[in-house]
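Chemist: Here's the letter readout for the chains.
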Amino acid sequence: EVQLLESGGGLVQPGGSLRLSCAASGLIFNNFAMSWVRQAPGKGLEWVSAISGSAGSTYYADSVKGRFTISRDNSKNMLYLQMNSLRAEDTAVYYCVRKGITTATGDYWGQGTLVTVSS
Amino acid sequence: DIQMTQSPSTLSASVGDRVTITCRASQSISSWLAWYQQKPGKAPNLLIYKASTLESGVPSRFSGSGSGTEFTLTISSLQPDDFATYYCQQYNSYSLTFGGGTKVEI
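Heads up: the sequence lines are chains E and S, in that order.
Note that my numbering has the first sequence beginning at 727, numbered continuously upward.
Note that my numbering has the second sequence beginning at 19, numbered continuously upward.
Keep in mind that a hint or two might mislead.
Said to hold, decoys possible - Stretch by stretch, here's where chain S covers chain E in the computed footprint (C-beta under 8 Å, at least three residues):
hint, segment
1, 767-774
2, 831-839
Stated by the list, open to error - Straight-line alpha carbon distances no greater than 25 Å define the calculated BS3-like cross-link-like pairs of lysine-lysine that follow:
hint, chain 1, residue 1, chain 2, residue 2
3, E, LYS825, E, LYS769
4, E, LYS825, S, LYS57
5, S, LYS60, E, LYS769
6, E, LYS825, S, LYS68
7, E, LYS802, E, LYS825
8, S, LYS57, E, LYS769
9, S, LYS57, S, LYS68
10, S, LYS60, S, LYS121
11, S, LYS57, S, LYS121
12, E, LYS769, S, LYS121
13, E, LYS791, E, LYS825
14, S, LYS121, S, LYS68
15, S, LYS121, E, LYS802
16, E, LYS791, E, LYS769
In case anyone wonders, no lab produced these hints; they're calculated from the structure.
None of these values were measured; they are calculated from a predicted model.
We treat Cβ as the ideally placed atom computed from N, Cα and C, and that holds for glycine.
All chains should be built: construct the whole structure from the sequences, respecting the hints.
Modeler: Here's what the structure looks like:
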């Protein structure tokens with residue numbers, strides 16, 4: 727069974743940095759594009775970033791472009807999100823999401839990791 | 019970016035009711051639309067993709083329709099487990115966008 731397990735969330739001061747990780751299992755990891763999607767407390771869903779299976783292509787929402795970097799290590803079945811220059815509005819639960827081959831959209835989601843940006 | 023507008027934002031219904039949620043895209047997205055269900059404290063769960071294809075394991079009381087800019091999610095007979103928040107999402111472009119959500123409550 728496919729499992730996605732995020733880690734790395736926590737409390738960070740404005741302007742600080744954090745790296746999120748997502749450990750994937752139960753799938754041939756490099757066959758799948760992956761995304762990060764976030765949800766601020768009590769709010770809706772916001773796509774953050776995506777990366778192709780080979781890591782050759784990366785995409786970012788305008789709200790994080792230049793501050794966040796998505797990457798993956800296919801030898802370790804790991805997805806990452808490096809977040810720099812964090813702002814209060816980045817406070818959210820961050821989900822790791824697999825893009826399905828048949829569905830062409832997010833079919834498996836992790837349980838999420840909470841990032842809180844506050845002084 | 020493509021904007022997605024869902025209505026209503028909140029829907030009050032009873033068990034057994036037929037429920038319809040609407041999603042509009044700011045430009046044509048063909049059939050590249052998905053619907054998700056989310057319960058409090060949980061990750062979203064994919065219900066429907068490509069506007070009308072039911073994801074494996076999803077009950078047949080859920081159905082989706084539409085193309086271009088107008089889409090609907092219908093629950094034919096609302097069950098207690100269906101009280102949740104529903105989101106549409108377009109994936110016509112690499113920049114994915116979600117609707118604002120529809121909370122289905124008792």
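Chemist: State for each hint whether it applies.
Modeler: Outcome of the hint check:
Counting residues of the segment 767-774 of chain E whose CB lies closer than 8 Å to any CB of chain S gives 4, which reaches the minimum of 3, so the coverage claim holds. Closer than 8 Å: that is the beta-carbon criterion, and the segment 831-839 of chain E has 7 residues meeting it against chain S, so the requirement of 3 holds. This hinted pair checks out: E/LYS825 and E/LYS769 have alpha carbons roughly 23 Å apart, not beyond 25 Å. With a C-alpha separation of about 21 Å, the suggested pairing of E/LYS825 with S/LYS57 holds against the 25 Å cut-off.
With a C-alpha separation of about 13 Å, the suggested pair S/LYS60 and E/LYS769 falls inside the 25 Å cut-off, and the hint holds. Between the alpha carbons of E/LYS825 and S/LYS68 the distance comes to roughly 13 Å, so the proposed pair stays at or under 25 Å and holds. The suggested pairing of E/LYS802 with E/LYS825 holds, with an alpha-carbon distance near 18 Å, which does not exceed 25 Å. The suggested pairing of S/LYS57 with E/LYS769 holds, with an alpha-carbon distance near 13 Å, which does not exceed 25 Å.
Proximity of S/LYS57 to S/LYS68 is assessed by CA-CA distance (about 22 Å); at most 25 Å being required, the pair is judged to hold. With a C-alpha separation of about 14 Å, the suggested pairing of S/LYS60 with S/LYS121 holds against the 25 Å cut-off. Between the alpha carbons of S/LYS57 and S/LYS121 the distance comes to roughly 10 Å, so the proposed pair stays at or under 25 Å and holds. In summary, the hint linking E/LYS769 to S/LYS121 is supported, as the alpha carbons are separated by about 12 Å, within the 25 Å threshold.
Of the supplied pair hints, the one linking E/LYS791 and E/LYS825 holds, its CA atoms being roughly 21 Å apart against a limit of 25 Å. Distance check on the hinted pair: S/LYS121 and S/LYS68 sit about 22 Å apart at the alpha-carbon level, within 25 Å; holds. This hinted pair does not check out: S/LYS121 and E/LYS802 have alpha carbons roughly 38 Å apart, beyond 25 Å. Proposed proximity of E/LYS791 and E/LYS769 is supported: the alpha carbons are some 21 Å apart, at most 25 Å.
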